[in-house]
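A.B. asks: As a plain string of letters, each chain reads:
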Amino acid sequence: MNRGINLAMIRDLPQRLIAPLDPSLMLIAGLLLLMSIGVMGSASPERLNSQLINVAVALVVMRALAQVPPQRLMHLAVPVYLIGLLLLIAVALFGDVSKGARRWLNLGFMRAQPSELMKIAVPLLLAWFFQKREAMPRLSDYGVAALLLVLPVALIARQPDLGTAVLVLAAGFYVIFFAGLSWKILIGMAVSALAAAPLVWTLLHDYQRSRIITLFDPEQDPLGKGFHIIQSTIAIGSGGILGKGWRAGTQAQLEFIPERHTDFIFAVFSEEFGLIGNLVLLVLYALLIGRGLMIAANAATLFSRLLAGAVTLIFFTYAFVNMGMVSGILPVVGVPLPLISYGGTALVTLFIGIGILMSIHGHRMLVQK
Amino acid sequence: MEFKNPQEELERFRSRLGVAGGFVLFCFALLFMRFVWLQIIQHDYYQTRAEDNRISLVPIVPNRGLILDRNGLVLARNYSAYTLEITPSKIPDLEKSIDGLAAIIDIQPKDRKRFRKLLEESRNFESLPIRTRLTDEEVAKFIAHRYRFPGVDIKARLFRQYPGGAFASHMLGYIGRVTDRDLEKIEAKDLEANYRGTEHFGKTGLEQHYEFDLHGNTGFEQVEVDAGGRAVRTLARTAPLAGNNLTLTVDAELQRIAEQAFGDRKGALVAIEPATGGILALVAVPNYDPNLFVDGIDTQNWKELNESPDKPMVNRALNGTYPPGSTFKPFMALGALTIGKRRPEQLISDPGFYNFGGHVFRDDKKGGHGMVDMYKSIVQSCDTYYYMLANDMGIDNISAFMGQLGLGSRTGIDIDGESEGVLPSQEWKRKHFRKPEQQKWFAGETISIGIGQGYNAYTPIQLAHATAILANNGVVFRPHLVKFITDTRSGKQILIEPKPTRTLTLKPEHIEVIRNAMVGVNKEGTGARAFAGAEYVSGGKTGTAQVYSLKGAEYKAGGVKKELRDHALFIAFAPADNPRIALAVLVENGGFGAQAAAPIARQVLDYYLLGKRPKAPAQPDEAAVEEDDE
Numbered sequence: 028m029n030r031g032i033n034l035a036m037i038r039d040l041p042q043r044l045i046a047p048l049d050p051s052l053m054l055i056a057g058l059l060l061l062m063s064i065g066v067m068g069s070a071s072p073e074r075l076n077s078q079l080i081n082v083a084v085a086l087v088v089m090r091a092l093a094q095v096p097p098q099r100l101m102h103l104a105v106p107v108y109l110i111g112l113l114l115l116i117a118v119a120l121f122g123d124v125s126k127g128a129r130r131w132l133n134l135g136f137m138r139a140q141p142s143e144l145m146k147i148a149v150p151l152l153l154a155w156f157f158q159k160r161e162a163m164p165r166l167s168d169y170g171v172a173a174l175l176l177v178l179p180v181a182l183i184a185r186q187p188d189l190g191t192a193v194l195v196l197a198a199g200f201y202v203i204f205f206a207g208l209s210w211k212i213l214i215g216m217a218v219s220a221l222a223a224a225p226l227v228w229t230l231l232h233d234y235q236r237s238r239i240i241t242l243f244d245p246e247q248d249p250l251g252k253g254f255h256i257i258q259s260t261i262a263i264g265s266g267g268i269l270g271k272g273w274r275a276g277t278q279a280q281l282e283f284i285p286e287r288h289t290d291f292i293f294a295v296f297s298e299e300f301g302l303i304g305n306l307v308l309l310v311l312y313a314l315l316i317g318r319g320l321m322i323a324a325n326a327a328t329l330f331s332r333l334l335a336g337a338v339t340l341i342f343f344t345y346a347f348v349n350m351g352m353v354s355g356i357l358p359v360v361g362v363p364l365p366l367i368s369y370g371g372t373a374l375v376t377l378f379i380g381i382g383i384l385m386s387i388h389g390h391r392m393l394v395q396k
Numbered sequence: 311m312e313f314k315n316p317q318e319e320l321e322r323f324r325s326r327l328g329v330a331g332g333f334v335l336f337c338f339a340l341l342f343m344r345f346v347w348l349q350i351i352q353h354d355y356y357q358t359r360a361e362d363n364r365i366s367l368v369p370i371v372p373n374r375g376l377i378l379d380r381n382g383l384v385l386a387r388n389y390s391a392y393t394l395e396i397t398p399s400k401i402p403d404l405e406k407s408i409d410g411l412a413a414i415i416d417i418q419p420k421d422r423k424r425f426r427k428l429l430e431e432s433r434n435f436e437s438l439p440i441r442t443r444l445t446d447e448e449v450a451k452f453i454a455h456r457y458r459f460p461g462v463d464i465k466a467r468l469f470r471q472y473p474g475g476a477f478a479s480h481m482l483g484y485i486g487r488v489t490d491r492d493l494e495k496i497e498a499k500d501l502e503a504n505y506r507g508t509e510h511f512g513k514t515g516l517e518q519h520y521e522f523d524l525h526g527n528t529g530f531e532q533v534e535v536d537a538g539g540r541a542v543r544t545l546a547r548t549a550p551l552a553g554n555n556l557t558l559t560v561d562a563e564l565q566r567i568a569e570q571a572f573g574d575r576k577g578a579l580v581a582i583e584p585a586t587g588g589i590l591a592l593v594a595v596p597n598y599d600p601n602l603f604v605d606g607i608d609t610q611n612w613k614e615l616n617e618s619p620d621k622p623m624v625n626r627a628l629n630g631t632y633p634p635g636s637t638f639k640p641f642m643a644l645g646a647l648t649i650g651k652r653r654p655e656q657l658i659s660d661p662g663f664y665n666f667g668g669h670v671f672r673d674d675k676k677g678g679h680g681m682v683d684m685y686k687s688i689v690q691s692c693d694t695y696y697y698m699l700a701n702d703m704g705i706d707n708i709s710a711f712m713g714q715l716g717l718g719s720r721t722g723i724d725i726d727g728e729s730e731g732v733l734p735s736q737e738w739k740r741k742h743f744r745k746p747e748q749q750k751w752f753a754g755e756t757i758s759i760g761i762g763q764g765y766n767a768y769t770p771i772q773l774a775h776a777t778a779i780l781a782n783n784g785v786v787f788r789p790h791l792v793k794f795i796t797d798t799r800s801g802k803q804i805l806i807e808p809k810p811t812r813t814l815t816l817k818p819e820h821i822e823v824i825r826n827a828m829v830g831v832n833k834e835g836t837g838a839r840a841f842a843g844a845e846y847v848s849g850g851k852t853g854t855a856q857v858y859s860l861k862g863a864e865y866k867a868g869g870v871k872k873e874l875r876d877h878a879l880f881i882a883f884a885p886a887d888n889p890r891i892a893l894a895v896l897v898e899n900g901g902f903g904a905q906a907a908a909p910i911a912r913q914v915l916d917y918y919l920l921g922k923r924p925k926a927p928a929q930p931d932e933a934a935v936e937e938d939d940e
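If you're matching them up, the sequences are chains A and B in order.
Sequence positions in the first sequence follow the working numbering and run 28 to 396.
Sequence positions in the second sequence follow the working numbering and run 311 to 940.
Just to be clear, a hint being listed does not mean it is correct.
When the alpha-carbon atoms are kept at most 25 Å apart in a straight line, the in silico DMTMM-like pairs for lysine to aspartate or glutamate are as follows [claimed, not checked]:
1. B/K400 to A/E246
2. B/K400 to A/E286
3. A/K159 to B/E319
Quick partial rundown of chain B residues pointing at chain A, CB under 10 Å, derived from the structure [as the list claims (entries may be wrong)]:
4. R326
5. C337
6. L340
7. N363
It should be emphasised that the hints constitute simulated quantities derived from the structure, not laboratory data.
Glycine is no exception: its CB is placed at the ideal position from the N, C-alpha and C atoms.
Looking at chain A on its own, in the form it has when it is part of the complex (with noise of 0.2 Å):
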């Protein structure tokens, strides 16, 4: 009997393994893992082995947390949320320096980069806060709202790290966004923003506006760190329509392309793979995020609505800021190509994301149940 029992539940484990996983979400994901380890058989052979155990670290973090229900997650949001800005706070005082920024944090048995955390944890707050508030929202607390999100911005915008301090400000804005600021107040920030650009450029020194004039024109400084753009692009042009051939790109192969495994490996995949690959890249990024703002039209709360609706533009974020850096549309800041570069947190952080909107589509039934 007993015997019998465990040999159904054994036989029974794959099923109630993948039950809770969403099989569009899985697919997409899958695909661009897939496609993460084929660049990364090109751009850097030697650290396959590792990412591999990245990817199933982050499987199963997904898998734990897409049967997390949204509530108990809700739960968790203060004090994750705290307990982030306490470990931003202590990087600040007592944190490593790495490459001249002030990331890390010697916890004695590990390093943690606190500032990732909260790229999860400032949306799910601000869900919970909008959640709270069950009137209309009204101004001041968008007000208390955007305090709650510039706080931990703020904090990691002066380690330096620029590239965290947009997603994470991104990910906030987006749960403000979706809790209905006005366009009337949207519109007029924008406008404000743009109007306020030549003031603050008059205001700052001379070494910055070269460093944000670099940012723009690389040719400017083409041997110091416009270096890294001009190479990129020179990689994706020549990739040109076919691209030249997975681990035949020259701009890859030798060497000419920075960070190639991390930051710029958009740059390996687009020399290889050309504009069709490309094209397919997007496409794959898009139905992501298209399933993922299909769950958040979905989901049973407010709560759940705000975070999945912020959750899926994260990946957004990722994937624009780091392509358009790479091409040389955007100014370089420090984001990874969203489930290809390598890299354990960022990967960790993105299936977190995954399992969320996997647990917020699983329980989308359960107010009506």
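Could you slot chain B onto chain A? The hints should help.
C.D. replies: Frame of chain A, contents of chain B only:
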């Protein structure tokens, strides 16, 4: 408080999702347009840039042309050796790296000094040798430890070598590392491309003058390189073309005998083939070892060479200027004949002095030479004759005639930086002095000009050149060292055409008088002791140039410090009837010309005309002092 309407709220949320979705598609469309721009419209441009990145043209430096003497003896050549090179821009702590290298490869303090000097002079991104001429064992040792020394590499390079060491160094010159000033010269010739990869440039002597002939054509190798500049594989290759060889008019053996004839004395000797202007020997001693300069000279050797009181870096043959002393007299006599101020047989009476406006100019021979004609004036070197003659001719006639003989102007020899010397004239004085009272020429100043003293100052090559003109009956050839240049590509010999540059209007009978008198010098006059027993007939003239003004006191060689002793001079040509060689010898502080300079000329002429080799350097002939009454 406004309560929310769940349905309305959901609608609004969904519309915002729609906006977000639209924004996402808009942004992705932007990206896609960017990709189309880069990958279709601009594809060719980026394709080219990727190829430019990938393919690097690596210059292959050509072998420098050889320098050979007229008989094909190699005077400058190349050899290949391994050097240990450091690229300073790739190394954060140079001293530490060098210390590390010193632990496995022998690096002497002088290597470090030389490296530091190169570093100061270097252009950026250049790799500089810390050690040259590595042994095979050292090469193997370094390769085993190479991973520890990024920015340090072993390179096979061609080195210039002067097999004779210090031999003929002032003529050959040397090469050294390319400096900014050399770069300007390269740019002026629009040869930057051909000089890519070239690290050496001719600095002095023939190496400098014929730099662009010796250099050759740089070859190129198309290699695929990675971002670090390391060659991955070779795609194509254009071979370099070695520089052209120079074959000199110089006879190396004659040059050697002439150099050795000086012993350890300082001085210069220039021997010219009168019929062509080809230089047979160009000696300036002391000389220096040009090999020291090839890999960059170390500071200690540099200091020694520059600070030595003997000034070994000065090319005395071209840059030393000396009063010609009595070697000036034959030219004075020729001038007098040409402008009709004297006839050969015209006699003057020499009481042993010449009184000009109350000032007495003394003749060396007490009581004078008696009745003196032109022949006797040259053979016995009678000063009074020339004091009078100078006064009769006047300074402007003298300078005009001497100018035609090339005195006081550059001879145009194929070595750069030749000195002009001083051919005194009224105009020269006006230009040379600043104070008005000094700018005027005094008639009294003309008197000592006549015996080759006063403002007169000429280089040894000018004296040799003037002697060659006399020996060649007034037909002037530009003195030159290179006989022909061998074009490497075609193998053709490009002759440096010995074309006469001008012919002086001299009467053959006048030339005959002077040459005859100079033959008399070596037969029965001041050169007779040095040329006793010669198996050929030669013409000569001794000279002594005052370094130290003796205010009326008798000059005694032993009584004066060596640096203040007179310079000894001798000019000569031989054989007398059809001269094949004309020369000028100068021995600094050698004393009388007959004593120090004439014996050197004898050894050179003996070898050139008879193939006779001297057993020892020319010994100063102390006994000649008594007879040399200059």
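A.B. asks: If a hint holds in the structure, say so; if it doesn't, say that too.
C.D. replies: These are the hints, each one checked on the structure:
Of the supplied pair hints, the one linking B/K400 and A/E246 holds, its CA atoms being roughly 23 Å apart against a limit of 25 Å. Our distance criterion of 25 Å between C-alpha atoms is met by B/K400 and A/E286, whose separation comes to about 20 Å. A C-alpha spacing of about 15 Å is found between A/K159 and B/E319, which places the hinted pair at or below 25 Å, so the restraint holds. Of the supplied interface hints, the one on B/R326 holds, with its beta-carbon coming within about 5 Å of a beta-carbon of chain A, less than 10 Å.
Because the smallest distance between the Cβ of B/C337 and any Cβ of chain A comes to about 5 Å, under 10 Å, the interface hint for this residue holds. Interface hint status for B/L340: upheld, as the beta-carbon distance to the closest one in chain A is roughly 7 Å, under 10 Å. Taking 10 Å as the C-beta cut-off, the interface hint given for B/N363 holds, the closest approach to chain A being about 5 Å.
Hint compliance for this structure: no hint is broken.
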